[in-house]
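Q: In order, the protein sequences belong to chains A, B, C and D.
Under UniProt numbering, read the first sequence as residues 1 to 406, first letter to last.
Under UniProt numbering, read the second sequence as residues 1 to 406, first letter to last.
Under UniProt numbering, read the third sequence as residues 1 to 406, first letter to last.
Under UniProt numbering, read the fourth sequence as residues 1 to 406, first letter to last.
Derived from the structure by calculation, the hints contain no laboratory data.
Since we're looking at a predicted model, the values are computed, not measured.
Check the hints yourself; a few may be wrong.
You can't tell identical chains apart in this list, so a pair holds if it fits in one copy or across any two.
As the list claims (entries may be wrong) - When the alpha-carbon atoms are kept at most 27 Å apart in a straight line, the in silico DSS-like pairs for lysine-lysine are as follows:
{"id": "1", "residue 1": "Lys344", "residue 2": "Lys23"}
{"id": "2", "residue 1": "Lys344", "residue 2": "Lys406"}
{"id": "3", "residue 1": "Lys85", "residue 2": "Lys305"}
{"id": "4", "residue 1": "Lys406", "residue 2": "Lys139"}
Number of protein chains: 4
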Amino acid sequence: MKEKVVLAYSGGLDTTAIIPWLKENYDYEVICCCIDVGQESELDGLEERAKLSGAEKLYILDVVDEFCDDYIMPCVKANAIYENKYLLGTSMARPLIAQKLVEIARKENAVAICHGATGKGNDQVRFELGIKALAPDIKIIAPWRCNETWKMQSRQDEIDYCKEHGIDLPFSTDSSYSRDRNLWHISHEGLELEDPAQEPNYNHLLVLGVTPEEAPDEPEYVSMTFEKGVPTSVNGKEMKVSDIIRELNALGGKHGIGIIDIVENRVVGMKSRGVYETPGGTILMEAHQQLEELILDRATYTVKKEMGNKFADIVYEGKWFTPLREAVQAFVDSTQEYVTGEVKFKLYKGNIIKAGTTSPYSLYSETLASFTTGELYDHHDAEGFINLFGLPLKVRAMKMAEAQNK
Amino acid sequence: MKEKVVLAYSGGLDTTAIIPWLKENYDYEVICCCIDVGQESELDGLEERAKLSGAEKLYILDVVDEFCDDYIMPCVKANAIYENKYLLGTSMARPLIAQKLVEIARKENAVAICHGATGKGNDQVRFELGIKALAPDIKIIAPWRCNETWKMQSRQDEIDYCKEHGIDLPFSTDSSYSRDRNLWHISHEGLELEDPAQEPNYNHLLVLGVTPEEAPDEPEYVSMTFEKGVPTSVNGKEMKVSDIIRELNALGGKHGIGIIDIVENRVVGMKSRGVYETPGGTILMEAHQQLEELILDRATYTVKKEMGNKFADIVYEGKWFTPLREAVQAFVDSTQEYVTGEVKFKLYKGNIIKAGTTSPYSLYSETLASFTTGELYDHHDAEGFINLFGLPLKVRAMKMAEAQNK
Amino acid sequence: MKEKVVLAYSGGLDTTAIIPWLKENYDYEVICCCIDVGQESELDGLEERAKLSGAEKLYILDVVDEFCDDYIMPCVKANAIYENKYLLGTSMARPLIAQKLVEIARKENAVAICHGATGKGNDQVRFELGIKALAPDIKIIAPWRCNETWKMQSRQDEIDYCKEHGIDLPFSTDSSYSRDRNLWHISHEGLELEDPAQEPNYNHLLVLGVTPEEAPDEPEYVSMTFEKGVPTSVNGKEMKVSDIIRELNALGGKHGIGIIDIVENRVVGMKSRGVYETPGGTILMEAHQQLEELILDRATYTVKKEMGNKFADIVYEGKWFTPLREAVQAFVDSTQEYVTGEVKFKLYKGNIIKAGTTSPYSLYSETLASFTTGELYDHHDAEGFINLFGLPLKVRAMKMAEAQNK
Amino acid sequence: MKEKVVLAYSGGLDTTAIIPWLKENYDYEVICCCIDVGQESELDGLEERAKLSGAEKLYILDVVDEFCDDYIMPCVKANAIYENKYLLGTSMARPLIAQKLVEIARKENAVAICHGATGKGNDQVRFELGIKALAPDIKIIAPWRCNETWKMQSRQDEIDYCKEHGIDLPFSTDSSYSRDRNLWHISHEGLELEDPAQEPNYNHLLVLGVTPEEAPDEPEYVSMTFEKGVPTSVNGKEMKVSDIIRELNALGGKHGIGIIDIVENRVVGMKSRGVYETPGGTILMEAHQQLEELILDRATYTVKKEMGNKFADIVYEGKWFTPLREAVQAFVDSTQEYVTGEVKFKLYKGNIIKAGTTSPYSLYSETLASFTTGELYDHHDAEGFINLFGLPLKVRAMKMAEAQNK
């Protein structure tokens, strides 16, 4: 009996061409595995296509809810944003895909896992760290790094290679942006974006929504509720998280929300430039922060900001299945105990404009914030506070003056 | 000869009422001091008003350029933003004002400095820490904390008090938002803002610009150049920093840029809610970051983000004249050596949309970022990299499996 | 019926004198409360003394095990050390005492809590923050800050005051070091220590052990086991944590371990100098770290170090009952899952010398660490790793050379 | 004319064997380069040995003072300690060696640099990152990673290989610990140390000093002065830094100071175990910290600790020639402005016991630290301070109670 390899399969040209290549270069049965994280790919006919291309089997797994609950929500709670801009859309999906590939590999007793990520990107790191952490014994195959056997450099090469191996499928030769899509976002790289001096060709590029310029002239009010950091309803309708993100994607896409253009630092050591659309995610993270403003005290806020940055780095680097990710998540979860309440905001041409926030656990006190003296706050206290808060500065000034006069 | 007190004087009702109060409660000559940090207050007739109110002398100091070069720019270079939103407009002006008050106090041989900040706010802390650090021997008087002698609780009280002391000036009794303005920003507190559940009444509130809704329907392209982190021109016109901020204020105000609505944590322990307009500052900080993306390496970027957060906390807390502020600034300055180049962006209804960035010191390499293998990057290297980068995860997985099998 | 005050009572002169002072200045029933955290104070006759001094009631609570499990152990797991030296002995006991005072106040329906901490120290902050967090409605009385009614400045004053109020107890007038003791440590302040230029008079000062010079000439080997970060046995004997600390105190005291001399920065803004003895605690924390070396991966280790420093600051500042302390503790607890194993070390004249460590969850791999190539590690991988790890430096060098040649 | 390679040459067997290997596998002239960072190696006859082994030229560079001033001192000022224990002895020398190799390569117009570090250690990373940063165009040759051409696996293999190539030098076949020595430290790896369960065989292992047990029974007092963080004298004798380290090495070695046994996490992903002797360095860093206690304020101390940890990581990872190292160093240097004064301590059997510290810039104030109220400190202020410092806790407690009662 032949050994088996599990292939992360999308149905697209790149991963389709890998099937005959695997069979040519290794003597494996190929188990294709399509992990649905909300990429909205055409699943119809996927099975036939995989089989036609030489795969022995195809798994299709819908893991969208798991993606939302166990991968997206920890990032939202942490307010994890990479390099001030990137909402980690691709990064957060990779470990889940790795986990599912490993599960199928175990079930099928496969000896290897193969992915189609290129040799210059972050995704190879994320897939492979996930696999190493969950199945250190499984061999990893990355065709795009196999310079000696993987000779295809263009879509035409791949189509030709497929044809040579008896696979005649209607793939287009047009190359477009290099994209990655899931429920949370879509990323775009390549073409004019490769030159940071160039403005993105948004009209050509956008998939999930429109630019602020093309968004409606009328603003739209939205309300959301959260419980312990997790969104529970939009505009009064209770929904599970995945449906909330779908709803917010529609709203955000319509109003030109969440388009970013960034030059980021990859794990593998170079800068790259991309445009990301995260319409619903941008709204969700802003709304969550809007609520946290009322609830987190200053010290917690400050440290949580640092931990959120660390969480972002961990996720970006593919280190999901690590003790550090678990520990940081434990920190973050602890802070979410009282992040419960309602936020209102207005969407208008790329803007999310706050329109009121309430929470039973709000630490905001109107009597305290206003100018009057009350039971809770004696203005005299401020003098004592400032005297001690400023004591190190005052002592230092006196000591320095003394030292200089000696 | 009487002892002297230096009073931070704005010409408004609050600080005018302090003059007779000082004379009534202390036997001081009152030296008024109006520090112009770009607050656009009415300086005409200020001298007569101060004299009329009983002041012996009035200093008017234009320190706008010093404010821009020595206080604003360090914050911009540090990308110092308090609690993810607040660009520190008021915070960064206070230490400069404290410094000027001390300089005049020294020149006049004054024994005390008096300021009109309230007993619940951050500004008392910032003024007083500045004074303590620069002149630990000088007495500080904060009338609003003198519950026993300062009995005025409303504008009407203050007007009455002035009249009783022979000062009849045409102040209005209308109270509005509590505001602080300088070249960098204007803050608004009070009225409907005291309830975080309420939407701000923007039409009533805004001073420096319009809302995104009221901004022009046509976007406007802007270009800026920077040298070593400092802006040097806007749209091809070389200008000093203060003029650049003025220009950006006009552009930002017109396009609805830089309006934020925040519940923040004050130094003195309570939450407060404010709306800030920072039209030019928001553009300047975004533009600076846009350039840094090309120039800072990943490790520097990460640590600089932490240091920027610390810088923001330091400035917010009024700890400007401290060794820590100097040390963090030394860190930040060191990172700015190569932050030189040009950024383009588009302003449109509240949005700042990147439109291209270039720098002689850009670390972005198109050949490196693209998908091809080249001299600089061998795809094989990625395998070795991932193997070692992921080694701790793999070893851990193996060791844990071993431990569980024992 | 009179209102009641709960007094933190030690039986010493300071807190005894507070009883008549409270009765003189407030019309309260005084409920004394002696919280035993291992201070080894003379509890015999305490009840009579309290009653004799005018107290209506005395509670004596032994909370040593709670202290060990819920306050000491979180600090050990976090490796929480303040300013590189101080093992937080006093700091970690204060919130527990505050909590017990509040519990008794609630039980007794008391309206106030009184403590004998001075107006310059950290302990007032720690007691009061604890009380505010647990019982915001309860009035706090700190006699040493009541300049107008508390006139006693020396032990003689206090003895005289007691006598005037009919309390004639055999307190000595000798003043010695100011000390705080519990199961974890004893602190010493005052006398020659007030001048940092002076060497401590150790022979006079030490209570829990001897100096390294006076320790035995023979080293002593000790072994300890841990489970999930918690010590479970010493030299093969299983014991609860409090007994382990007692055992280690004896061992450490004998061998001159854990004496530190520090100038530290207090919360209230000044530097102070103290000597601390933490014989058992020093061993316990070192042993715990010795084990963690084998178990924590590099990334976790690095972030845990930062979190440990934060934990130390939080505890030092008396912010135990805060969401931040809980969140940091959740982080730390998560890292302790596999901190299980055995450590051996040798005690000798102030030194703790490692003598071998083992753990079922050790991440150390002898084959990996040695010089040979094996399955897990291909030397070629190092080349790829270094090439990408160093890529940003190389690209930067090339880009800078390019820029300079332009 | 042949192309040239610069070889980092120690005169030992490993680097000697590289000479014929280079000539056999590449057609290079070999320029040997021995960088003296205080390794106390036998330099006599080195030139003949190099020539005899086939080298065209030998450079011997004494860079000890540069090592002390530009590499060691920044680490001391930063208090850079890796993973709580390791004083970075090897790490800090590598970038300097890399720099000198590059300088000679430039002078000689060499096209390659060769080093003898193994494929599993940190040093390959440090050498190569240094070279990449300073000379990105130069080829790097690491024989120990050249599995196909470098076949030697033992000292005997190397001796045989040398003989085959006509080099008959009196090298011993005994293998001992793997060691690295310079002025700052000596490291030991291998043999019994490869098993963390084993106690080190100190009597066999130690080179720079004795164990605490074997140290003199008499303590020895030492005094040191510092200016701006840099040591200037020992026991009253002014010396340059390198001589101070030599003096402290003698003192520390004699008294059993600075021996550590650590399981550390290497850059390349595995744990390794080593013993380090840093007798003088340990004293120098402790003494520097002892002085800083008097001079740094709390906030600076806290952030400097974080920055010191970062500095340690940067140096450990070989990222010396990076903008981040420069920026962190700028931070640290800024904090050292007033680190001037005198420290006294006592060395005794592994202990460094503080014996008094003074500084003209000390922020310690005896009147402030003592229990009396004075001009600088009003006990009433503490009440105000605590009330505001604890305000967030109190408000939170009230709000939570309110929320629960709803």
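Q: Confirm or reject each hint.
A: Against the structure, the hints come out as follows:
no.: 1; hint: Lys344 / Lys23; result: neither (55 Å within a copy, 50 Å between copies)
no.: 2; hint: Lys344 / Lys406; result: between (62 Å within a copy, 23 Å between copies)
no.: 3; hint: Lys85 / Lys305; result: both (14 Å within a copy, 12 Å between copies)
no.: 4; hint: Lys406 / Lys139; result: between (72 Å within a copy, 25 Å between copies)
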